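Participant: The primary structure of each chain is shown beneath.
2 protein chains.
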Amino acid sequence: MKLLTTAITTALFASASFAFADPLPSWSDTAARERIISFVDSVTDTASDDYVTPADRIAVFDNDGTLWGEQPVYFQLIYAIDAVKAKAAEDPAFLTTDALKAAAEGDIEALAEGGMDALLEVINATHSGLAVEDYQASVSEWLDTAKHPTTGLGYDEMTYQPMVELLSYLRDEDFKTYIVSGGGIHFMRVFAQRAYGIPTEQVIGTYTETSYSVVDGTPVITKEPGIAFVDDKEGKPINIDRVIGKRPIIAGGNSDGDFPMIEWTTAGEGARLGMILHHTDAEREVAYDCDSHIGRLCDGLEKGPDMGWLIIDMAKDWSAVYTAGR
Amino acid sequence: MKLLTTAITTALFASASFAFADPLPSWSDTAARERIISFVDSVTDTASDDYVTPADRIAVFDNDGTLWGEQPVYFQLIYAIDAVKAKAAEDPAFLTTDALKAAAEGDIEALAEGGMDALLEVINATHSGLAVEDYQASVSEWLDTAKHPTTGLGYDEMTYQPMVELLSYLRDEDFKTYIVSGGGIHFMRVFAQRAYGIPTEQVIGTYTETSYSVVDGTPVITKEPGIAFVDDKEGKPINIDRVIGKRPIIAGGNSDGDFPMIEWTTAGEGARLGMILHHTDAEREVAYDCDSHIGRLCDGLEKGPDMGWLIIDMAKDWSAVYTAGR
Ligand SMILES: [Ca+2]
Ligand SMILES: [Ca+2]
Chain A
6 MKLLTTAITT ALFASASFAF ADPLPSWSDT AARERIISFV DSVTDTASDD
56 YVTPADRIAV FDNDGTLWGE QPVYFQLIYA IDAVKAKAAE DPAFLTTDAL
106 KAAAEGDIEA LAEGGMDALL EVINATHSGL AVEDYQASVS EWLDTAKHPT
156 TGLGYDEMTY QPMVELLSYL RDEDFKTYIV SGGGIHFMRV FAQRAYGIPT
206 EQVIGTYTET SYSVVDGTPV ITKEPGIAFV DDKEGKPINI DRVIGKRPII
256 AGGNSDGDFP MIEWTTAGEG ARLGMILHHT DAEREVAYDC DSHIGRLCDG
306 LEKGPDMGWL IIDMAKDWSA VYTAGR
Chain B
6 MKLLTTAITT ALFASASFAF ADPLPSWSDT AARERIISFV DSVTDTASDD
56 YVTPADRIAV FDNDGTLWGE QPVYFQLIYA IDAVKAKAAE DPAFLTTDAL
106 KAAAEGDIEA LAEGGMDALL EVINATHSGL AVEDYQASVS EWLDTAKHPT
156 TGLGYDEMTY QPMVELLSYL RDEDFKTYIV SGGGIHFMRV FAQRAYGIPT
206 EQVIGTYTET SYSVVDGTPV ITKEPGIAFV DDKEGKPINI DRVIGKRPII
256 AGGNSDGDFP MIEWTTAGEG ARLGMILHHT DAEREVAYDC DSHIGRLCDG
306 LEKGPDMGWL IIDMAKDWSA VYTAGR
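Line by line, the protein sequences are chains A and B.
The numbering of the first sequence is my numbering, which starts it at 6 and goes up by one.
The numbering of the second sequence is my numbering, which starts it at 6 and goes up by one.
Heads up, none of these hints are tricks.
Remember, identical chains collapse to one label, so a pair may be satisfied in a single copy or spanning two.
In silico SDA-like pairs for lysine to any residue, Cα to Cα no more than 20 Å straight-line:
#1 Lys-251 to Ser-145
#2 Lys-251 to Ser-216
#3 Lys-251 to Thr-205
#4 Lys-251 to Glu-214
Hints were generated in silico from the structure; no laboratory data involved.
No experiment lies behind these values; they were computed from the predicted model shown.
Here chain A stands alone, though its shape is the one from the complex:
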């Protein structure tokens, strides 16, 4: 009998220590962390007025600048530039336009001067004319070898550890976690499962045109020139409605491109949590907001607090930044 009592006591303690394990160890002990946990508690407690059934626990997050870095330029653009360089090394005749030449030289400023047309040329040259699986094999190879210019880390080591923990915590509480990003779906799906625990079907984003054809008896889906849908600004709630068909109860982002998504989410009935990651940490990362060309954040900072959104101050609220080395 004594043995049984000991066994039960041990089991209880083990389960209690499991229940009280910190789900967000890389978040500092500040109001931000407390607000997130108290929100999750309130929507998962069946006795709470704010209780939400698991089927409706939808959480959506922007990717660039929210779940991983985005400076000095979006990592997908760095992939595209590296792909242009590789193609040019094989065949210099590939560089048929000024935009492609600028890309091959890594001249981001010249590319930026060319505007959307120049960017689209580089995207088309590297993101079309090949099967989805061949494109993804190329991205995967790039992720295995390429290093970020200032941190020296692999790009998929530059995911934000506090956000990786948040995603995992939400899934443990029966949330479905989604990426809703201006980045390309085929690009993000290469690493979303490994880096974030997010399966391909929960990766929502921008996509190129694609075609279906049968080549020598083998069906193939091919990436074609042109962008079929831009998942940014108003495009985010529109795409969430198309793909998920439910209004999320949590939305997180870092730029004004996320404003409509967070606005739509938090306007829903019942408890909702909108959050914006403010890049305040010049020491561990990069400090930027309203004046930045990448991840410009003005409206969110100005109007977000009055709309009840949580503004996450990276420098104060995070005890760690990159997942690297963990």
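Model the placement of chain B with the ligands on the given structure of chain A, informed by the hints.
Facilitator: Showing chain B with the ligands alone in chain A's frame:
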């Protein structure tokens, strides 16, 4: 001790009887049923060469004519016609075109003569200019009251019981079940959870243009004129790639509009199951295939068997048809 033994024996028997409960009671004891079960066994048995991890157990099904009826015309078109009638009853000036007049008179032939343009007029007049949630409230009200012209059943009672059982069986075996339909996503999502156990985020289909705007301080997603994507033929594998991002291992349909989806699915490596429901049952339903205007099936019957697809013979393979009354 005897009590304990009895308890354990009872528990074992209960679990054994659970394991041997027929997962497909409305399927006749034919080769079709056997093939489905043996496929599912082979991909879920960890000792099998064909084992597939749960994350990759994706099953996709067409809706009209596969999961519910589609004769004499697609039920969504009947909704649209009923909606035109209701609007005309309120305001006869609503009938501004020949197509709308034909719809108000329920004159399907005149509508058909008007072709795609006439159809689009009717769709635009009933599927745009209102918030997604208002549209869905209208569909829900219609489903509660409208009756099918020949069976007298509510439309959502005309789901196929054998397919409802198949969907449930697959989910019990850790499949994710999806609808991939030429029908509208906002239309299908009104009943997919209730009728099929399929949540909104697993309903893939055709969709109209939509817009996001803030009206009097309230964010709203509005259905706009025009169809943004037609989820039929090549559109099905293209949309599966966009939304799910994985090739399914099971695909089921009933018309040549499903051919590319089943072709792409079954061309994947490893065990795959393609199936086509052949409407052979003039007595309990409607017998139709290659000559039908709705759900035309020629290529699938001609090439499907050589491609290893399972052709389900409704008359022979199903012991029940509609879910009605269950
Ligand atoms: Ca961002
Ligand atoms: Ca069909």
